[in-house]
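Student: The whole structure should be built from the sequences, with the hints applied where relevant.
Protein chains: 2
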Amino acid sequence: DIRNLAMDKVAANIQFPCRYQNAGCTDIFFYQDKPDHEEICEYRPYHCPCPGASCRWQGSLEQVMPHLRHAHTSITTLQGEDIVFLATDVTLPGAVDWVMMQSCFNEHFMLVLEKQDKQDGVHTFYAVVQLIGTRKQAEAFAYKLELNGPRRRLTWEATPRSIHDGIATAIEQSDCLVFDTNIALLFSENVLRTIKRTMMVA
Amino acid sequence: DIRNLAMDKVAANIQFPCRYQNAGCTDIFFYQDKPDHEEICEYRPYHCPCPGASCRWQGSLEQVMPHLRHAHTSITTLQGEDIVFLATDVTLPGAVDWVMMQSCFNEHFMLVLEKQDKQDGVHTFYAVVQLIGTRKQAEAFAYKLELNGPRRRLTWEATPRSIHDGIATAIEQSDCLVFDTNIALLFSENVLRTIKRTMMVA
Ligand SMILES: [Zn+2]
Ligand SMILES: [Zn+2]
Ligand SMILES: [Zn+2]
Ligand SMILES: [Zn+2]
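Quick note, the sequences are listed as chains A and B, same order. Numbering-wise (our numbering), the first sequence opens with residue 1 and increments by one. Numbering-wise (our numbering), the second sequence opens with residue 203 and increments by one.
Derived by calculation from the structure, the hints in this document are not laboratory data. Glycine included, every Cβ here is placed at the ideal spot set by N, Cα and C. Check each hint, because a few of them may be wrong.
[To be verified] Restricting the straight-line Cα-Cα distance to at most 30 angstroms, the calculated cross-link-like pairs of lysine-lysine (BS3-like) are: (1) B:Lys320 x A:Lys118; (2) A:Lys144 x B:Lys320; (3) B:Lys236 x B:Lys338; (4) B:Lys346 x B:Lys320; (5) A:Lys118 x B:Lys236; (6) A:Lys144 x B:Lys346; (7) A:Lys34 x A:Lys9; (8) A:Lys118 x A:Lys144; (9) A:Lys34 x A:Lys136.
[Stated by the list, open to error] Okay, the calculated bits of chain A under chain B, using three or more residues with CB under 8 angstroms as the criterion: (10) 153-161; (11) 165-179.
Tutor: Shown next as structure tokens:
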């Protein structure tokens, strides 16, 4: 009927504030554009970037580093653009995460190495880097992960993930450095494996 | 007894010719050293280096290239140290091999991309380079396989295999470039995937 049509027309022309207005977002959107924005809104709360579901912390981007320093004190931080990441006990059973922070270019990056057990006894390792920052900030960087063995080198170069997006999807889609136990052992001196990571402004 | 001991002593001091003497090997060995040598003897017949078990050809190293040219006419050969390998139809079901020859540095290299179907629907791709030559000749080279995607690059660098050793063990042990369907599709423009290969004298 005419009245509903008129109301629809009004609704289509009304702009609504982002649901994260209280957190600081001043953007307004037509109704149909709101969900897409809110998915990537920079004011959407950040989750704790540590892998695994054990920490339920949420907060603003500015609060992430203080949270990590206070609640995840076991994580080592290394300074510099080029670091060596040593993961020990790579043959431990079960799903295991190794985490390290790297500080360079006035930013903080989190390197995650995750091992998942597969049914056939061969385990899969996933290594990925995420920036403690927004997706836009992350796009200014590239990272390189290198596994070095005798006369062999495996390299993965990509844009760091933003912790706003997290790393679960990247691991699920193999959009990271992926290797199996054979390679992990081939590239290890006993139980050590080396990952060198280079940060470059893209 | 004394006699047997004396015979053992004699046997231990006798040198035997390599079993590939008729093929040209002039080396002689103490009995206990023979098997190790014969495993890597350069005069051991070469098998056809094409992946899969369909071709039963054997012959000398010098006969391998003529065999490939006459019996495997569908294999493309590209000249140069840096080539692009395009594999189409990467989502075809079943075990599939893509093969290409690369000629550079007066040598012939065979690039093999092999897809194996895994039980969980995710397929695994293995890419590896072998030299039509001896293991010693292969050690003078290094190769690099690169998969390039949007803001992503996966690289594998290693010494080429000799066709005397073959590639089956390398694939079995993941001692090559390994990636799954997700990466293959992520790095493809539609159904094409690019592998760039660089040969360098090590
Ligand atoms: Zn917003
Ligand atoms: Zn936390
Ligand atoms: Zn011999
Ligand atoms: Zn053949």
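Student: Compare the structure with each hint and give your call.
Tutor: Against the structure, the hints:
no., hint, result
1, B:Lys320 x A:Lys118, "12 angstroms, holds"
2, A:Lys144 x B:Lys320, "29 angstroms, holds"
3, B:Lys236 x B:Lys338, "19 angstroms, holds"
4, B:Lys346 x B:Lys320, "26 angstroms, holds"
5, A:Lys118 x B:Lys236, "41 angstroms, violated"
6, A:Lys144 x B:Lys346, "16 angstroms, holds"
7, A:Lys34 x A:Lys9, "17 angstroms, holds"
8, A:Lys118 x A:Lys144, "26 angstroms, holds"
9, A:Lys34 x A:Lys136, "19 angstroms, holds"
10, 153-161, "holds (count 7)"
11, 165-179, "holds (count 6)"
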